[in-house]
Amino acid sequence: MKALEIHNLVKIFKTKKGQSVHALNDLSFDVMQGEVFGFLGPNGAGKSTTIKTLVGLITPSSGNALINGVPVSTGTARLKVGYLPENPAFYDYLTPEEYLTYVARSFLVPVAEVPRCIEQTLKLLELWDARKRQMRSFSKGMVQRVGLAQVLVHDPDIYILDEPMSGLDPLGRSLVKNIILELKNRGKTVFFSTHITDDVEKVCDRVGIIVKGSLVAVNNVENLLKGGVEGYLVSLQSADSTLQNLAPFSVLRQSGTIFEYYIPKDGFNRFMELVIRSGSEVVLVETRRKNLEDYFLSLVK
Amino acid sequence: MLNHFEITFKSIIRDRIFHGIIFSALIFLLIPSVATLSMRQATELSMTLSLSLISFILLLLSLFLGGTHLWRDIERRYTYPVLSWPSSRSAYLVGKFSGIAAFIFLVALLLGGVAVLTVLITAGIYPPERPIVWNLFFLSIFFDACKYILIVAFAFLFSSVATSFFLPVFGSICIYFVGNASQQVHDYINAPATIGISSITKNMATFVYYILPNFSAFDFKINAVYRVPIQVSGVLMTGVYFVVYLCMVISVATLLFEKREMN
Ligand SMILES: Nc1ncnc2c1ncn2[C@@H]1O[C@H](COP(=O)(O)OP(=O)(O)OP(=O)(O)O)[C@@H](O)[C@H]1O
Ligand SMILES: [Mg+2]
Chain Y
1 MKALEIHNLV KIFKTKKGQS VHALNDLSFD VMQGEVFGFL GPNGAGKSTT IKTLVGLITP
61 SSGNALINGV PVSTGTARLK VGYLPENPAF YDYLTPEEYL TYVARSFLVP VAEVPRCIEQ
121 TLKLLELWDA RKRQMRSFSK GMVQRVGLAQ VLVHDPDIYI LDEPMSGLDP LGRSLVKNII
181 LELKNRGKTV FFSTHITDDV EKVCDRVGII VKGSLVAVNN VENLLKGGVE GYLVSLQSAD
241 STLQNLAPFS VLRQSGTIFE YYIPKDGFNR FMELVIRSGS EVVLVETRRK NLEDYFLSLV
301 K
Chain H
1001 MLNHFEITFK SIIRDRIFHG IIFSALIFLL IPSVATLSMR QATELSMTLS LSLISFILLL
1061 LSLFLGGTHL WRDIERRYTY PVLSWPSSRS AYLVGKFSGI AAFIFLVALL LGGVAVLTVL
1121 ITAGIYPPER PIVWNLFFLS IFFDACKYIL IVAFAFLFSS VATSFFLPVF GSICIYFVGN
1181 ASQQVHDYIN APATIGISSI TKNMATFVYY ILPNFSAFDF KINAVYRVPI QVSGVLMTGV
1241 YFVVYLCMVI SVATLLFEKR EMN
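Those protein sequences? They're chains Y and H, same order as listed. In terms of the working numbering, the first sequence has 130 at position 130, counting the first letter as 1, and numbering is strictly consecutive. In terms of the working numbering, the second sequence has 1180 at position 180, counting the first letter as 1, and numbering is strictly consecutive.
Treat the hints with care, as some may be off.
Subject to a maximum C-alpha distance of 27 Å in a straight line, what follows is the list of computed DSSO-like cross-link-like pairs (lysine-lysine) [unchecked claim]:
(1) Y/LYS132 to Y/LYS226
(2) Y/LYS140 to Y/LYS202
(3) Y/LYS132 to H/LYS1010
(4) Y/LYS184 to Y/LYS14
(5) H/LYS1221 to Y/LYS17
(6) Y/LYS202 to Y/LYS226
(7) Y/LYS177 to Y/LYS140
(8) Y/LYS16 to Y/LYS265
(9) Y/LYS132 to Y/LYS202
(10) Y/LYS140 to H/LYS1010
(11) Y/LYS123 to H/LYS1259
(12) H/LYS1010 to Y/LYS14
(13) Y/LYS301 to Y/LYS290
(14) Y/LYS2 to Y/LYS123
(15) Y/LYS301 to Y/LYS2
(16) Y/LYS184 to Y/LYS132
(17) Y/LYS80 to Y/LYS177
(18) Y/LYS16 to H/LYS1010
(19) Y/LYS80 to Y/LYS184
(20) Y/LYS80 to H/LYS1221
(21) Y/LYS212 to Y/LYS301
These aren't lab readings, by the way, just hints derived from the structure by calculation.
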């Protein structure tokens, strides 16, 4: 089952001076149910535009998008959707508790369950102590946490998050990663945009890369990482004299009797033969792979 | 919708500018002393002053609440999460509008109560020659509130397309003046004594007259102060006019708001 479907989306913004900005060019992709999908792209690539179209804030110039098979222009399509805007802002004269009550009621959470849901989410996001403070006094990271809380409080099936980790400290980031993984375990669908490839590596099943309004790649993160092995970093312990046997390979670094070599993927077997013959001892082997960041950079350039 | 209504109510009560406007209601305390200075028709004077003060406070409230509320929600991007929720945009707009409308009625009621005390105090010092007709007094306040609710509706109409507060605030100020003048202009153009106006101009003026709000229909101050009875049909007509006109303005506002791009 497809949770999100995006078909040939085109969005052309008209600026006040009459210029037109092509934010999305014929964008198409799907997100499956139960999948964590990372949406990666440089600044101004069209991530937020895509997301705003998905939640009905803007209408595409052409093309369409569906949530669980229902067109996004229908309000009820979003009954099971949680949306976190980029740099969110909430009624600053309300307390988190009041705001979340407002959210929960709007999503028709049964009245009896509202307090429990709110308590759970506020505690999860470490906002419990601040629950009775007006949000105007909140720091940026706290507002971002409220943003995540208003997504989680009504327990939707589909999460659409625009840069969920932005503005959070390392603790907050790892919390969000864990929350996403937890949601995945519970069979929820998560679609989030980010600039940070590391976040994608850690939590995503698939990644889509958008550049200048077009999707340039959609890939399975695991395959990407597996396919990306480039070579190995091998540390040997040996006496200087034995090193001559390894002559075709040059030493990268030396400290005491430990010698470090960088061996390209296809030279590894040959190198190991020589090592065994030389009688040196292998202390450490590390895989060197092209990571998502390199992949991303190569696509963007 | 009820949800949006409630949140709007909370927001008004916690707003500083609102506190300032309500503070100005303290001027009521001055009315009896000013009115009694005149010695003659002190009660009438006190009623006029009270009604005018209520009118002025409601005008400030309607411009401030109507002109800034919806616009600020959009400007500060509070609408991003809220409009992505399942309830429709029209529910949001109507909910917010009813919150403000209910609030204006509430303030009118409270100020009306204060005004009654003011008038009673004055009447206690200089008893009026004829008894006060409270029904007329309340009716006058009620329709005054209706008038300002129409102004809020116009402010919402302007906010639904505006990208700055300029249009909602100054647009509704214009509507206020135009609405107050429209009857006079209409009467002048159609008076038999007026000559030299072509029938085309006349027809156009009549057409514009029917589109623009006519606030003189809501003005029962004279009736209240000088106890001039109002015909029931007149009250009904004004009531119907208010409801129909309000529905039209709000419908157009929702239509425009549904189409609006949020970015
Ligand atoms: N209201 C608007 N009017 C004109 N152009 C716009 C408007 N909103 C977005 N754009 C343009 O559309 C393009 C895509 O913007 P978008 O906000 O989707 O980028 P993004 O991928 O989210 O970037 P970032 O990583 O910086 O958040 C940009 O070139 C931007 O300038
Ligand atoms: Mg963005």
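Hints and how they fare:
1. Y/LYS132 to Y/LYS226: violated, 48 Å
2. Y/LYS140 to Y/LYS202: Between Y/LYS140 and Y/LYS202 the Cα gap is close to 24 Å, so the pair holds against 27 Å.
3. Y/LYS132 to H/LYS1010: OK: Y/LYS132 and H/LYS1010 at ~15 Å, within 27 Å.
4. Y/LYS184 to Y/LYS14: violated, 38 Å
5. H/LYS1221 to Y/LYS17: With a Cα-Cα distance of about 49 Å, the restraint between H/LYS1221 and Y/LYS17 is violated, given a limit of 27 Å.
6. Y/LYS202 to Y/LYS226: holds, 14 Å
7. Y/LYS177 to Y/LYS140: holds, 19 Å
8. Y/LYS16 to Y/LYS265: violated, 55 Å
9. Y/LYS132 to Y/LYS202: violated, 34 Å
10. Y/LYS140 to H/LYS1010: It holds: about 24 Å lies between the C-alpha atoms, which stays within 27 Å.
11. Y/LYS123 to H/LYS1259: Not OK: Y/LYS123 and H/LYS1259 at ~38 Å, beyond 27 Å, violated.
12. H/LYS1010 to Y/LYS14: violated, 37 Å
13. Y/LYS301 to Y/LYS290: holds, 16 Å
14. Y/LYS2 to Y/LYS123: violated, 32 Å
15. Y/LYS301 to Y/LYS2: Given pair Y/LYS301, Y/LYS2 is violated - Cα atoms ~31 Å apart, limit 27 Å.
16. Y/LYS184 to Y/LYS132: Distance ~31 Å between Y/LYS184 and Y/LYS132 Cα, so the pair is violated.
17. Y/LYS80 to Y/LYS177: Roughly 21 Å separates the two Cα atoms, so the pair holds.
18. Y/LYS16 to H/LYS1010: Answer violated: Y/LYS16 to H/LYS1010 is near 35 Å, above 27 Å.
19. Y/LYS80 to Y/LYS184: Holds, because 16 Å separates the two Cα atoms, which is no more than 27 Å.
20. Y/LYS80 to H/LYS1221: violated, 53 Å
21. Y/LYS212 to Y/LYS301: Roughly 12 Å separates the two Cα atoms, so the pair holds.
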